[in-house]
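2 protein chains.
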Amino acid sequence: MHVFGLEQIKQVLPGLDLVPLIKDGFKAYSAGRTVVPPVGELVFNDPPGDVHIKYGYIKGDDYFVIKIASGFYENSDLGLSSSQGGMMLLFDQRTGREKGVLVDECYLTNVRTAVAGAICAEVLAPDPVECIGVLGTGVQARMQVSYLSTITRCRQVKVWGRSEQKMRQYQDEMSADGWQVETCSAPGDVAASCNLIITATPTKTPLLTADHVKPGTHITAMGSDSPGKQELEPGILEKADLIVADSILQCRERGEIVHGLTSGLINEKDIIELGTILDEKASGRTAESQITIADLTGVAVQDIQIAKAVFEACRKGA
Amino acid sequence: MHVFGLEQIKQVLPGLDLVPLIKDGFKAYSAGRTVVPPVGELVFNDPPGDVHIKYGYIKGDDYFVIKIASGFYENSDLGLSSSQGGMMLLFDQRTGREKGVLVDECYLTNVRTAVAGAICAEVLAPDPVECIGVLGTGVQARMQVSYLSTITRCRQVKVWGRSEQKMRQYQDEMSADGWQVETCSAPGDVAASCNLIITATPTKTPLLTADHVKPGTHITAMGSDSPGKQELEPGILEKADLIVADSILQCRERGEIVHGLTSGLINEKDIIELGTILDEKASGRTAESQITIADLTGVAVQDIQIAKAVFEACRKGA
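Just so you know, the protein sequences line up as chains A and B, in that order.
Residue numbers for the first sequence, in this note's numbering: 1 to 318.
Residue numbers for the second sequence, in this note's numbering: 1 to 318.
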C-alpha cells in the first residue's frame, strides 16, 4: 500500500488543475452518477472534537474513496493543529483492494473546500467583485480568498473575526500575499461594503441578518459543517434570489439551508444544486442586483476527485 | 504513522488473550460506555461488492478506531480473496491524531467475529456439546469452529454447504486440524444431530426452519451482516427461549432478529444483549432443554478492542 504524507502532497498540488476536476465531481453528483452515502460522524465531548467520514464513488470510475477529517479545537492549547487526524484512503472499485493512503492532515479537505468556493464565485458572484468580505480568520478564511485569485481581479478584502489579535494576524499574512486587507468591528460592516462574502466560522449564532445584505451580493457560507452550526439568519435565504447547495440531501441536515427549511422560510424546491448549474441545466446569477447564496457542506465527491488526482501525481513522483 | 501489514499482525496474534478483551468490549457497549454510530455502507453493483465502515470509541479510552472491511465476491474469479480492502485505523481520542493503520485484509474482522462466536458458545451452548454443526464452508465456517477449541472438548463437526467440492475441502482441512468432520446433504441433517450450530453463509433464503431445531440447541447466526441476508426462518426466533444480540440497535436493521421483528413473531423486549449477560445483569442459558439463539451482526467495539491490542503488540515488536 502506498502511503504519502503532507510534504509529498503539497509538492504535487501546484501541478494540478483542480477547478475542472472538482466541477466534474459536482456535475457527476448532481446527475446521479455517484454513490455517496450519508456522512459518518463521531463526536467527542472531553475534550470536544468531531470526526467526519465522507465516502463514495463515481460509477464506472477506477477508485472509491473514504475520507476522514477531524476537528479537535482544544489542540491549539497543546500547540497542535485542530485537524490532526485527516487522511484519504483510496481503493480499487472492482476488487475492493486498498491502493493507498494520503495522510493529508485535513489539508486536502481545506483545498477542495476552497476550490468549491472559487467555483461558486465563478458562477454566482457579481461582476465586478468590488470587495471580498470574510467572516472568520482561520484556515478557510485564508484559503477561500487565496483560491479566488484566478476568479476575480479584486484584491480588496474586509475581514471580521471575534479576536482582534487574530484579525491583525490575518491582515498581516494576507497582505504579504498581495491582498489589501481592512479589518472590521462587526459582521454587518463587512456586508455593507462587500459584494462577495465568505463566511468561514464555526458559530452556532448567526452573524449576518437579512438587513445586512444588500442587493447584488453573493455569499458563500461554508462554516456550518455539523448540525447545530449556523452563520446566516434564515431571513437571508428568504430574501435571496437564488439558493445553491453543494448537496440538497446534505443541506437537509447541515449547513445554512436546513435552518431555512425548518423555519419554513424557504422550500426545498427553491434550492438548486451547484452541479446542476455547472451542467448548464439551471442558471446561476442572471442579474447584477440579485442576492445569491451558496451553502457548502462538503460532499464526498470533492474528496474523491482531489484524492484521485493527488494520489496519481504522488505515485508518478514517488 | 505506523503501518503494519498482515504478516506482522499474524505474528503478534497468538500472544494475545482476545476473549477477555472482546468480552470487556461487549460489556462496555451494553452498559452505554461506548460511542458507536450506525454502520457506514457502500454498495457496488458491477462487479458486486460491499464495504462496511464500523467506527467508534470507548469513553475515556486512549484510541478511537475506524474499521473498513470489504467483500467483493467475484474476486475469486480473478484468483483474489474477496476481502482485499480491509484495514483498521487508530487515532488518538484526545487530539484526533492518527496513530496507525493495521492493513489486515479483513483478517482481524474474521478473528474478532470468531471470538464473539466462542463467547456466545461459552455462555449459551448446552453442556456438554455433543456435536458442532456448521452451515457454510467459508472462512468463518472454519474460524468459528477453531475458536471453539478452548470452550468445549467436543471435536465432532457436521458441515453442510451448497458445493460438494467445498464441503470435501472443508472436511480435509479441518480434519488435519484435529476435528472429526462429517458432511451433510441438507441443513436439516446438521440440526438433527448437533446441539451447537453455527450459521456462516451469505444466503438470502433461510436454511433452517423451526421444525429443524430440537430442544437443547444453541445457534450462533453470524452470516447476515447486511440488510436482506437471512439464514434462519423467523419461526426459530419465536420458538427460542432466549434471543441474544450483539447490538439490539444494529439487529433492528440487519442479522436474523430484524426478520423476526418485522414479521411480528418476536418483540424487541424479548432480546437481550450479549454484554448484559457477560456483565451478569441477565442470565444466559438456565436449562439444558432451552433453545438459545445468538445473532451476531458485528459491532465496532469488537474492532476497537482487537485493533488496540494488535496495534500495541505490533508497535512493541516493531
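Hints were generated in silico from the structure; no laboratory data involved.
Beta carbons are placed, not taken as given, at the ideal position from N, Cα and C, and that holds for glycine.
Among the hints, erroneous ones may be present.
Stated by the list, open to error - Some chain B residues near chain A, calculated using beta-carbon distances under 7 Å:
id: 1; residue: Asn75
id: 2; residue: Ser76
id: 3; residue: Lys281
Stated by the list, open to error - Label-pair distances were calculated between CB atoms; the ranges are:
id: 4; chain 1: A; residue 1: Ser263; chain 2: B; residue 2: Lys204; range: 49 to 57 Å
id: 5; chain 1: A; residue 1: Ser283; chain 2: B; residue 2: Glu74; range: 54 to 62 Å
id: 6; chain 1: A; residue 1: Pro37; chain 2: B; residue 2: Val3; range: 48 to 56 Å
id: 7; chain 1: A; residue 1: Pro202; chain 2: B; residue 2: Gly317; range: 24 to 32 Å
id: 8; chain 1: A; residue 1: Pro202; chain 2: B; residue 2: Asp61; range: 19 to 27 Å
id: 9; chain 1: B; residue 1: Gly317; chain 2: A; residue 2: Asp172; range: 42 to 50 Å
id: 10; chain 1: A; residue 1: Thr262; chain 2: B; residue 2: Ala186; range: 50 to 58 Å
Is 49 to 57 Å a correct range for the gap between the Cβ atoms of serine 263 of chain A and lysine 204 of chain B?
The hint (49 to 57 Å, Cβ to Cβ) is violated, given that serine 263 of chain A and lysine 204 of chain B are roughly 44 Å apart.
Proline 202 of chain A versus aspartate 61 of chain B beta-carbon gap, inside 19 to 27 Å or not
26 Å, holds
Is the hinted range of 24 to 32 Å satisfied by the C-beta distance from proline 202 of chain A to glycine 317 of chain B?
41 Å, violated
Within 48 to 56 Å or not, the Cβ separation of proline 37 of chain A and valine 3 of chain B?
At roughly 26 Å between Cβ atoms, valine 3 of chain B and proline 37 of chain A fall outside 48 to 56 Å, so the hint is violated.
Interface hint check: asparagine 75 of chain B, Cβ to nearest Cβ on chain A, cutoff 7 Å. Holds or violated?
5 Å, holds
Per-residue hint verdict: lysine 281 of chain B, partner chain A, C-beta under 7 Å:
The hint is violated - lysine 281 of chain B has no Cβ within 7 Å of chain A, the shortest such distance being about 25 Å.
Starting from the hint 50 to 58 Å, judge whether the C-beta atoms of threonine 262 of chain A and alanine 186 of chain B obey it.
56 Å, holds
Honestly, do glycine 317 of chain B and aspartate 172 of chain A meet the 42 to 50 Å range at C-beta?
49 Å, holds
Beta-carbon spacing of serine 283 of chain A to glutamate 74 of chain B - inside the hinted bounds 54 to 62 Å or not
44 Å, violated
Hey, does the serine 76 of chain B contact hint survive, CB to chain A under 7 Å?
11 Å, violated
Hints 2, 3, 4, 5, 6, 7 from the earlier list are contradicted by this structure; the remaining hints agree with it.
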